[in-house]
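Following the hints, complete the assembly by docking chain B onto the known chain A.
Same order as they appear, the protein sequences are chains A and B. Those letters in the first sequence? Residues 2 to 592, per our numbering, in order. Those letters in the second sequence? Residues 27 to 166, per our numbering, in order.
These aren't lab readings, by the way, just hints derived from the structure by calculation. Just so you know, even glycine gets a beta-carbon here, dropped at the ideal spot from N, CA and C. It is possible that some hints are incorrect.
Per the computed footprint, the stretches of chain A lying under chain B, defined by three or more beta-carbons under 8 Å from a beta-carbon of chain B, are [unchecked claim]: (1) 68-80; (2) 406-412.
Counterexamples of contact, computed for chain B against chain A with all Cβ distances above 12 Å [said to hold, decoys possible]: (3) THR37; (4) ASN44; (5) ASP47; (6) LEU63; (7) ALA67; (8) GLU76; (9) LEU77; (10) HIS85; (11) CYS87; (12) ASN89; (13) GLN111; (14) ASP112; (15) TYR143; (16) LYS146.
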Amino acid sequence: MKRLFSFEHFILLGFVIALFILGMVGLASYWSTTRFIETSWLGLRNAEVLIPLQSIATTVQRAESAQRGYLLTGSEQLRRRNEQALVDLAREVAKLRTAAAHDPVLAQRADEIDRLVAACNAAQLQVLRAYQTDGPEQARALLLQDTGRTQTAALETAIAQVVDQLRDQLLRDAAASRADGEQVMRYFFVALGLVMLLLLSLSTLVLGEMLRRQRATKALADSEAKLQTLVDTAVDAFIVIDERGNIESYNRAAEAMFGYAAAEVIGRNVSMLMPSPYREEHDKYLERYLRTGERRVIGIGREVYGQRSDGSVFPIDLAVAEFRVGGRRRFSGIIRDISERKQAEARQAQLVQDLAAANEELSSFAYVASHDLKAPLRAIAALADWISTDYADKFDEDGKEQMRLLIGRVHRMDQLIDGILQYSRVGRVREESVPVALNALLREIVDLLAPPAEISVEIGPMPTVVVEPTRIQQVFQNLLSNAIRYMDKPQGRIEVGAQRVGNDWRFHVRDNGPGIEARHQERIFALFQTLQPRDRTESTGIGLSLVKKIVELYGGRVWLESTPGEGSTFYFTLPQSRVIAAVQDKHATEQ
Amino acid sequence: MSQSHFSSAATIFLIEDNPTDSYLSRMALDRAIAMPLQIVAADTGERGLELLRHHCRNHRCPNVVLLDLSLPDISGHEVLSAVRQDPALQDIPVVILTGSDSEEDQRRARELGANDYWIKPMGMLGYMDIMRRLKAYLRT
Chain A
2 MKRLFSFEHF ILLGFVIALF ILGMVGLASY WSTTRFIETS WLGLRNAEVL IPLQSIATTV
62 QRAESAQRGY LLTGSEQLRR RNEQALVDLA REVAKLRTAA AHDPVLAQRA DEIDRLVAAC
122 NAAQLQVLRA YQTDGPEQAR ALLLQDTGRT QTAALETAIA QVVDQLRDQL LRDAAASRAD
182 GEQVMRYFFV ALGLVMLLLL SLSTLVLGEM LRRQRATKAL ADSEAKLQTL VDTAVDAFIV
242 IDERGNIESY NRAAEAMFGY AAAEVIGRNV SMLMPSPYRE EHDKYLERYL RTGERRVIGI
302 GREVYGQRSD GSVFPIDLAV AEFRVGGRRR FSGIIRDISE RKQAEARQAQ LVQDLAAANE
362 ELSSFAYVAS HDLKAPLRAI AALADWISTD YADKFDEDGK EQMRLLIGRV HRMDQLIDGI
422 LQYSRVGRVR EESVPVALNA LLREIVDLLA PPAEISVEIG PMPTVVVEPT RIQQVFQNLL
482 SNAIRYMDKP QGRIEVGAQR VGNDWRFHVR DNGPGIEARH QERIFALFQT LQPRDRTEST
542 GIGLSLVKKI VELYGGRVWL ESTPGEGSTF YFTLPQSRVI AAVQDKHATE Q
Chain B
27 MSQSHFSSAA TIFLIEDNPT DSYLSRMALD RAIAMPLQIV AADTGERGLE LLRHHCRNHR
87 CPNVVLLDLS LPDISGHEVL SAVRQDPALQ DIPVVILTGS DSEEDQRRAR ELGANDYWIK
147 PMGMLGYMDI MRRLKAYLRT
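Extracted from the complex, chain A is given alone in its bound form (with noise of 0.2 Å):
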């Protein structure tokens, strides 16, 4: 999720308000610090006023003094310091007014007091006059008048208020500059502390993501060692491609499939570990992908080819993905060396291909050797038939016994090739498989066999199958004819039925014969094996092979349950998908 203000933005404008509010303390600082200067500067200034001022209230009074001394002596003496003193107060007032010069209130206070400077000067000048020219009885009245004194009162209280008022203005000024200077400190206190606040919390902000930061490199170094220990301890290969086919990333297995070692196909095209005509169409079938999408391995997997350093070519299994790392698109791919695998289905397929061979040759060798041998056999048959015919009067009884053994065991061998050719057939030869009502042919076969009407058949509702139609009228007429052929009871019963069993379909011929010892019951499925002598039956010892390879053909098994002495019962399966109807659900029983 992108955010307006991301972590940087925030901090950096932390910064900027604490350097903001530092700016402005420092300009509140200069500003204040201005101020007291000027204050200090004016109050200076207006302290160099009061110097002459106390000068001038002291010389006056000097002056007066000296006066009224010579007044009273007539000591010319302290007529001197009389002068002296006025002398030294017009020196003072001058100070004066250059002190004042710079306030123009001053500087009118300071003429005002020059004015009652003079004003004293000239009645002290009279009273010095009169003194003078009239004696000192008028002068000593001039001075009884006191306008002297009065002008010096003036001007000591002139002096006092020029005092007064400027210790007011300098305490004034005084008291605003300290309460400038405090409401500055107040202000730098507040924005220093805003600030180290501001500051601490920064700091608090920046150590706390540096340290998530930190962690999170750490947990992501953590996943990528764990990843590239996957991928490089893996077994197939891992190849990291760009989009122009460049490999970025190839692990160990894949150093060891190919021969090439990282540092030497990393950057290359992923084409040098190709065969041609891979290798020239990769470029094009990348640059063909990236374009429209076509997808040929990416996403699907196959097996191609791969070559080694050394040139060799080896099969391999190869599945591709894409994926994007910032926004470009890249391609791994998982290969596996299949060689070994290739060359095992080979030996496999060659074994298959050698069986099934050598299986065909065998049979076609049953078949033409059982038919190249029935053609001499058609002959004995037939001129030992006649021999006994035509030369019957000049056998003895011996000589027609004897013939008659060797017309048996023709017949006998013409069965049993019989057999062979059967047994050969299975297989070799396929007919169409087609539904087959099974009731129906089961029927067919009891009444082909005819049993003997002391044995009953019983068949139970049997389901349709598809398959080759004499097959499984030769894997019915073998079990029971073989039922009724050892039938050793008064009163045979026979019974056929079908039954699902999960996935197949399980068939039973069962009778109350005289069963089968378990030793034997492997063997009777052996080809030419029967547990009775053969002229006693007549049997080949074909028929149960025969069942067993057709059943087995069709994917089934087949065996026996038996009791000797009480019946037998014989199995066999077909797979669910052989049938297609459900049972027919009418019982037929045949006498």
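Structure of chain B alone, referenced to chain A:
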């Protein structure tokens, strides 16, 4: 049958490479059919066809051809096919007499126009029986 002995005799063509089977067929014919018979035998397919054409041209076509399927040069099926495609021969009844009980062989023979398909029997009685069934083709 009122005509001269030779010309009235029914003619049977026997195309069979196995001399013993040929002998057995002749023996059975001899004993099963009590009428004058002319038997012409050929032991290869080509020879059989050649004799057939010659016979049809110079005398008249045989009453029936007994044809084995397994022959050394061309197969009985090919002989049958040639007979059925030859305007001079196509009407001759052809009966297959073979050791093969293959349904495929039987189906092909029927498709090519065989009149009958008999499997060589085991024993004299079987042969006699077959030759008696052959009589049906000898009534001219």
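Verification of the supplied hints:
no.	hint	result
1	68-80	violated (count 0)
2	406-412	holds (count 3)
3	THR37	holds, 24 Å
4	ASN44	violated, 6 Å
5	ASP47	violated, 7 Å
6	LEU63	holds, 19 Å
7	ALA67	holds, 16 Å
8	GLU76	holds, 25 Å
9	LEU77	holds, 23 Å
10	HIS85	holds, 31 Å
11	CYS87	holds, 29 Å
12	ASN89	holds, 24 Å
13	GLN111	holds, 29 Å
14	ASP112	holds, 29 Å
15	TYR143	holds, 16 Å
16	LYS146	violated, 6 Å
In this structure, the hints that do not hold are numbers 1, 4, 5, 16, in rising order.
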